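S.K.: Listed here are the chains, written in short residue letters.
2 protein chains.
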Amino acid sequence: MPTIIDVAKRANVSKSTVSRVLAGEGNVSKESRDAVMKAVEELNFVKNSVASSMRTRKSKTVLLIIPDITNNFWSEVSRGAQIVLDKKGYSLMVANSDWQKDREERYLQLAMEHKVDAVMVNAPDMDMEKVSKMVDTPIVVLGERSQKLPFPIVGTDSYKAIRKALDYVWSKGHKRIGIVLSASFDSEGTKNSTKYRAYCDWMKEKNIDINEKWVINIPLSIEGGKKLFSIWRDMDEKPSVILTGNDLVAVGFTKSARDDDVVVPDDVSLVGFDDIPLVGLMSPGITTLQKPKSEIGAIAAERILEMLDGKTVPERTLLDSLLIERESVKGEKL
Amino acid sequence: MPTIIDVAKRANVSKSTVSRVLAGEGNVSKESRDAVMKAVEELNFVKNSVASSMRTRKSKTVLLIIPDITNNFWSEVSRGAQIVLDKKGYSLMVANSDWQKDREERYLQLAMEHKVDAVMVNAPDMDMEKVSKMVDTPIVVLGERSQKLPFPIVGTDSYKAIRKALDYVWSKGHKRIGIVLSASFDSEGTKNSTKYRAYCDWMKEKNIDINEKWVINIPLSIEGGKKLFSIWRDMDEKPSVILTGNDLVAVGFTKSARDDDVVVPDDVSLVGFDDIPLVGLMSPGITTLQKPKSEIGAIAAERILEMLDGKTVPERTLLDSLLIERESVKGEKL
DNA sequence: ATAGATACTGGGAACGTTCCCAGTTCCCAT
DNA sequence: ATGGGAACTGGGAACGTTCCCAGTATCTAT
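So the protein sequences, as listed, match chains A and B. Quick note: the first sequence uses numbering that gives the first Met the number 0, first residue 0, plus one each step. Quick note: the second sequence uses numbering that gives the first Met the number 0, first residue 0, plus one each step.
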């Protein structure tokens, strides 16, 4: 493998000059530049980034830690981030923790050893104090957090999203409204969650008493949705619509319902969150609040780039969701 | 940031000894070892992997290049690979080419600059001659290729999968069988594809004449499936079942069919391939040939590890698909 | 003509680790 | 007691780049 020294010899210049040409900076005469280029070509030289990062203490690499790469939400986030970083010559390493705390930590450790320039992470249950002790590079946290963090946050504004969903079902005539909460993404009791706050505020504005039985806490997964259905079925007094927390829950609910001859939306209406491709293709299509998935990744990446530039960045960037109307919410007779 | 020299000073040993302790090899007395450990702890030392790879010329990093990280198939593959590599102390970099040839090439270049230890790649249209010239590390190619390649291949055995699908629909009484081909993943004319070969062989065995109109070439996507439906609808003589190439096609077909009051499987039966989560959740559930997605990633990773160990590995590893029976194939009256 | 800026160049040191080799101590078998 | 191996140790060189600095040539303004 040829080094810049081999290139230098061949081009009859010094290694310093080669370095300057390759970096595209400093003053180099046209002849030297051409000679170097030619030598690079002839020797088939490829730069050794490892040696380079060793000296510069920059690796041009960013690590992204996510809990589940097979979830469309997170793969879209990755994609959005990679496109932005790519453009600036940064490579993205994607690490998949599978919701395991020890792996999250190990990846962070690895990131420090490998001297990545920055870290983007979603790890709802991780102690951020610890993180800030371990990591000495810029960090951006993905996903909303209610408590204050020592790092910038990029996520969706769930307060607004919930209100948007509520306003929508209200416009359809619904007044008996259930909501799914979950500790995930909040790392604190569900009753303190932004979602619940949004729900309470809105209900108070509409002068509706909250039925505590309609505030349901299940895992945000297909399984959770199935569980939600059996909870709903066994209720004496049933809500006419449920905000399901995320799309997977709505999918699981719909599937269980179908097996039980309950028809969505005729018997109960559902609103999902995220807008994963699945919910647009099933029947009935699930009305959902679309999160700007790849935009979240892209903005997080931009924050990283800004921090790397020494700029100060906004503490929290919460993006809006978009209501996608499909067939899972039926108009109630007013 | 403390270096091993700082650790050495604190532990009153030489840097060589510290290096030996950290690497866990060579002969070191218990006292020295303990002293080093203590110093590491006290100084909060983290090893600099960049310096290490500089000297050893190993980065303990593997690059995976895939065309679409948001496709469940590929994210499962990544996940499978990462789990295996992780266990052996390797990190996986996932690079998403978005089907763009220039990006595939750029990532390969980057891999060489960053001195990754090995590369796993799916790039159906890429010139493998070129790749082998660019890359001087072990490579594993993902996805079946009919032509001989200078690298080991890990993928699914589509010849067997097609036969399995054909045997199944045959057992259900179907004799008018259509099939979808596509150049993707084969990088050669569709008529040379393994799939088509399997189809022809099987049809000959059953003494059925091939109706060329029922051999259809469309993109393997939801859009392709919609197109497939309109092709099917306009046929004078229609097949009673179609092997749809992949699940997305089946999904697109079903959706279009529904809009046109055509019922799957009553009016036409479908068989998908891959088994993405979507097809198990929609209604009707699509009968499909499940590919062992994460196993493909895992095996590819194991091949990498073996090659890194200097072992020789099998040229091609083609895994079997599993028939998942759902509701999209109806029994024909015999 | 000369001072001083500007353009360009090359050599040495440094980044933090691992490898190599030589050296010291200790123990055991003769 | 002595040779020889094993256990352990430390110092220097090397990996390939970039940074720093000093040096030379060229140009411009007085």
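Just so you know, these hints were derived from the structure itself, not from any lab. All of these numbers come straight from a predicted model, not from anything done at the bench. Any given hint could be a false lead.
[As the list claims (entries may be wrong)] Straight-line alpha carbon distances no greater than 25 Å define the calculated BS3-like cross-link-like pairs of lysine-lysine that follow:
hint: 1; chain 1: B; residue 1: K129; chain 2: A; residue 2: K114
hint: 2; chain 1: B; residue 1: K57; chain 2: A; residue 2: K59
hint: 3; chain 1: A; residue 1: K46; chain 2: B; residue 2: K46
hint: 4; chain 1: B; residue 1: K46; chain 2: A; residue 2: K237
hint: 5; chain 1: A; residue 1: K132; chain 2: B; residue 2: K46
hint: 6; chain 1: A; residue 1: K37; chain 2: B; residue 2: K46
hint: 7; chain 1: B; residue 1: K86; chain 2: A; residue 2: K14
S.K.: For each hint, tell me whether it holds in the structure or not.
M.R.: Each hint, compared with the structure:
{"no.": "1", "hint": "B:K129 to A:K114", "result": "violated (31 Å)"}
{"no.": "2", "hint": "B:K57 to A:K59", "result": "holds (18 Å)"}
{"no.": "3", "hint": "A:K46 to B:K46", "result": "holds (24 Å)"}
{"no.": "4", "hint": "B:K46 to A:K237", "result": "violated (59 Å)"}
{"no.": "5", "hint": "A:K132 to B:K46", "result": "holds (16 Å)"}
{"no.": "6", "hint": "A:K37 to B:K46", "result": "violated (38 Å)"}
{"no.": "7", "hint": "B:K86 to A:K14", "result": "violated (40 Å)"}
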